[in-house]
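As given, the protein sequences belong to chains V, X and R, one line each in that order. The first sequence lines up with residues 1 to 278 when you count with the UniProt record's numbering. The second sequence lines up with residues 1 to 286 when you count with the UniProt record's numbering. The third sequence lines up with residues 1 to 183 when you count with the UniProt record's numbering.
Please note that the accuracy of each hint is not assured.
[To be verified] Cross-link-like lysine-lysine pairs, in silico, BS3-like; alpha carbons within 25 angstroms at most:
#1 V:66 / R:180
#2 X:285 / V:190
#3 R:104 / R:169
#4 X:114 / X:102
#5 X:66 / V:190
#6 X:102 / R:104
#7 R:104 / X:78
#8 X:114 / R:104
#9 X:78 / X:114
To be clear, the hints were calculated from the coordinates, so they are not data collected in a lab.
Each chain is listed here by its residues.
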Amino acid sequence: MSTEFELSRNITIGQYLPTNSVVHRLDPRFKLAAFVIMILAIAICSTYVGNLFALAVCIGMFWVSKIPLHYGLSGVKPAIPFIIILATLQLLFYGEIARGGTIYFQYGFITISSESVRLVLVSAMRFVEVIFLSSVLTLSTSTTELTHGMERLLGPLQKVKFPVHAFALIITIAIRFVPTFAMEMEKMMKAQASRGADFGTGEWWRIIRRTKDMLPIIIPLFNVALARAEDLILAMEARCYMPGASRTQYTHYKATGKDYSALIISIMISVIMLYIPW
Amino acid sequence: MTSPIVDVADLSHVYMQGTPLAHRALDRVSIQVERGECIAIIGHTGSGKSTLIQHLNGLMRPQSGKVVVNGLDVSDPKVDIRLLRRQVGLVFQNPEDQLFEKLVGDDIAYGPFKMGLPIAEVKERVEWAMELVGLSFDEMKDRPTFALSGGQKRKVALAGVLALRPHVLVLDEPTAGLDPRSRNELLQRILRLNQEEGLTVIFVSHNMEEVARLAQRVYVMANGQIACEGTPRRIFGNSSLLQEHHIGTPEAVDILYQLREQGYAVDTGSFLPEEAAAEILNLIKR
Amino acid sequence: MEKGLTVRRIVIAGVLGAIAILLGVTRLGYIPVPTAAGNATIMHIPAVIGGIMEGWGVGMIIGLIFGVSSFLNATVPLFKDPLVAILPRLFIGVTAYFTYVGLKNINEYFAIGAAGFIGAMTNTILVLGMAVIRGYMTFGVAATVALTSGLPEAIVSVIVTLAVVASWKNLVKAGKQKSKISG
Numbered sequence: 001m002s003t004e005f006e007l008s009r010n011i012t013i014g015q016y017l018p019t020n021s022v023v024h025r026l027d028p029r030f031k032l033a034a035f036v037i038m039i040l041a042i043a044i045c046s047t048y049v050g051n052l053f054a055l056a057v058c059i060g061m062f063w064v065s066k067i068p069l070h071y072g073l074s075g076v077k078p079a080i081p082f083i084i085i086l087a088t089l090q091l092l093f094y095g096e097i098a099r100g101g102t103i104y105f106q107y108g109f110i111t112i113s114s115e116s117v118r119l120v121l122v123s124a125m126r127f128v129e130v131i132f133l134s135s136v137l138t139l140s141t142s143t144t145e146l147t148h149g150m151e152r153l154l155g156p157l158q159k160v161k162f163p164v165h166a167f168a169l170i171i172t173i174a175i176r177f178v179p180t181f182a183m184e185m186e187k188m189m190k191a192q193a194s195r196g197a198d199f200g201t202g203e204w205w206r207i208i209r210r211t212k213d214m215l216p217i218i219i220p221l222f223n224v225a226l227a228r229a230e231d232l233i234l235a236m237e238a239r240c241y242m243p244g245a246s247r248t249q250y251t252h253y254k255a256t257g258k259d260y261s262a263l264i265i266s267i268m269i270s271v272i273m274l275y276i277p278w
Numbered sequence: 001m002t003s004p005i006v007d008v009a010d011l012s013h014v015y016m017q018g019t020p021l022a023h024r025a026l027d028r029v030s031i032q033v034e035r036g037e038c039i040a041i042i043g044h045t046g047s048g049k050s051t052l053i054q055h056l057n058g059l060m061r062p063q064s065g066k067v068v069v070n071g072l073d074v075s076d077p078k079v080d081i082r083l084l085r086r087q088v089g090l091v092f093q094n095p096e097d098q099l100f101e102k103l104v105g106d107d108i109a110y111g112p113f114k115m116g117l118p119i120a121e122v123k124e125r126v127e128w129a130m131e132l133v134g135l136s137f138d139e140m141k142d143r144p145t146f147a148l149s150g151g152q153k154r155k156v157a158l159a160g161v162l163a164l165r166p167h168v169l170v171l172d173e174p175t176a177g178l179d180p181r182s183r184n185e186l187l188q189r190i191l192r193l194n195q196e197e198g199l200t201v202i203f204v205s206h207n208m209e210e211v212a213r214l215a216q217r218v219y220v221m222a223n224g225q226i227a228c229e230g231t232p233r234r235i236f237g238n239s240s241l242l243q244e245h246h247i248g249t250p251e252a253v254d255i256l257y258q259l260r261e262q263g264y265a266v267d268t269g270s271f272l273p274e275e276a277a278a279e280i281l282n283l284i285k286r
Numbered sequence: 001m002e003k004g005l006t007v008r009r010i011v012i013a014g015v016l017g018a019i020a021i022l023l024g025v026t027r028l029g030y031i032p033v034p035t036a037a038g039n040a041t042i043m044h045i046p047a048v049i050g051g052i053m054e055g056w057g058v059g060m061i062i063g064l065i066f067g068v069s070s071f072l073n074a075t076v077p078l079f080k081d082p083l084v085a086i087l088p089r090l091f092i093g094v095t096a097y098f099t100y101v102g103l104k105n106i107n108e109y110f111a112i113g114a115a116g117f118i119g120a121m122t123n124t125i126l127v128l129g130m131a132v133i134r135g136y137m138t139f140g141v142a143a144t145v146a147l148t149s150g151l152p153e154a155i156v157s158v159i160v161t162l163a164v165v166a167s168w169k170n171l172v173k174a175g176k177q178k179s180k181i182s183g
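Chain V extracted, bound-state conformation:
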């Protein structure tokens, strides 16, 4: 009960779990690149064996990054009813579309063929693979590292006039201000509660009423944030910050053999997944 308003103390962005494994210590640029490659491969691969292989790789990733598998499973668990419902629906209605292969069962508009069964099983496996892979990435990489990694990976885009530095600065500002605004929000909730506000006790079907109940927090929150923004704009302009001016980096990443091997391994895994014919 006394934690009703304790927002600012309970906020975590991402789910970083420092175990200092090989995966944790990878250069975030390479880690991100490898992640993107594997996600793409999973998205394309539609064979049984290919997905089983990918599943095995994903589970292996937990072991390599010294993250207990239950962290990944806890992401899957709430999804199980969802997966089952989805699978049932797909099984019932996709038969019409995926007519290929042998037909196992047909009644009225319901058709179950080897193709639709494959579709259901493969998409369920993809689900789990994506969850596992994303979990490993977010559990093994801090938000700062992710930002840096993204900034460097997008570096070449500067050549086509994409404002990479400005972009990284925006993300840094965003992350910097989350705890500040969390405290503001906590204060706002307490102040309005002191004036008799109650949040979410109106009848549940009255959408407009319930939305209006939140306005005493949302409006001041945006106003305070935008006022902070005005101060920051003034401060940056007073110090002659020039968007797009060239500047040096505070952190330097130096790719090692490990990083290159990680990238090569992820490419190899992807190639294997896509070339398995069954």
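Take the given structure of chain V and dock chains X and R to it, following the hints.
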């Protein structure tokens, strides 16, 4: 004998209990406030002042110890929390941030409307609260809130809390960030609320002039505990105590201490500017 | 309008991005409504407001921050897929901006409300569309969700966007409006 309107006994609070980041914000704090008193709570940043006042209207519930306000036991899970929050009007730091309605009158009326009062009574309360803080009801009620000055906005926020007709008014650094003129006016208003309307006032402050002018009694907090309690005369008259807890003194008291160091016999407990002036005049006349 | 990322646009995008993240990690981001999901998200609203205030570029960046944060914090498998969690969110602020610009000469309030509506619908339709393309849902399910959950969300979005933008831009004319307790 009447019981105190605010009775805090052995109140402790630990933030993030059970984690490595656990932090003891309140440690067996006890305070008693009588009806109609004006109490100041002073202390260093992080001494637990804010945590303490948030217990007074049930924003935080006691982890251990007891908080009873006007007969309502805050630690009782079945206590009517909305009734409690109407008994204790809590005004946060920079309360002008919390204004959200477009028009002054609507913002002040928010609390009374939430209480489900009929419109005639809401109107009456808003008028009463606005006059108390020194805003003309007829002139100001239809003004857009953004067009107000900082001092006026703060008055609107204060009126918004007063419109709940609380018995106890709790203020967290009520004058922080105001210009000297608005500051003086607001202090006058608070003083009148206490003396003429009989409102019990509890306020947190870093400004010792303010404490000297308003408070009948002062609680000094340090490291989550009540370090000492007494009249301003007693607290400001004790320089070793003030130094120990890094608390400043009103300028008037500063001057008197300096005079005493020079070897003049002055009463350093004379904390009001007028009293200090009288002390100095005495010295000159002698 | 000035072109490119000015200091103002960088900072506004960052600050509104922070709110998008914050709304995602606290329960404030969800307003309970009578839908299958049980609540309407308002996490897309910073992107809408960024688009209205500073143009489509800022709206797109805030959408990206919202998308990445919902991807990083995802508990529902649907949003563990970056193609569903991130890509559709890029367009929320963009459509909101063009709606606002196209309509603001008719009426400022109407334009802001419409931008809130279109922004929310962009979110719903593109996320669900992507979910269908990626095979997480059938078209029928997606259409049902769009109606039962997308519409209430769009209504919520109109109310909140209007309230916030009107408050920040001080869209009240002195003497024109009367408070509820007047007269």
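Is residue 66 of chain X within 25 angstroms of residue 190 of chain V, Cα to Cα? holds, 21 angstroms
Given hint residue 104 of chain R paired with residue 114 of chain X - CA-CA distance at most 25 angstroms: violated, 35 angstroms
Restraint check for residue 285 of chain X with residue 190 of chain V, where alpha carbons must lie at most 25 angstroms apart: violated, 55 angstroms
Does the structure keep residue 66 of chain V and residue 180 of chain R at a Cα separation of 25 angstroms or less? Answer violated: residue 66 of chain V to residue 180 of chain R is near 61 angstroms, above 25 angstroms.
Holds or violated: residue 78 of chain X with residue 114 of chain X, Cα cutoff 25 angstroms? holds, 21 angstroms
Between the alpha carbons of residue 104 of chain R and residue 78 of chain X, is the straight-line distance 25 angstroms or under? Distance of about 52 angstroms is beyond 25 angstroms: violated.
Taken at face value, is the distance from the CA of residue 169 of chain R to the CA of residue 104 of chain R at most 25 angstroms? holds, 14 angstroms
Given hint residue 102 of chain X paired with residue 114 of chain X - CA-CA distance at most 25 angstroms: holds, 17 angstroms
Below or equal to 25 angstroms on CA atoms is what counts here, so check residue 102 of chain X against residue 104 of chain R. Roughly 21 angstroms between the alpha carbons, so the hint for residue 102 of chain X and residue 104 of chain R holds.
Going down the numbered hints, you'll see the structure goes against 1, 2, 7, 8, while the others check out.
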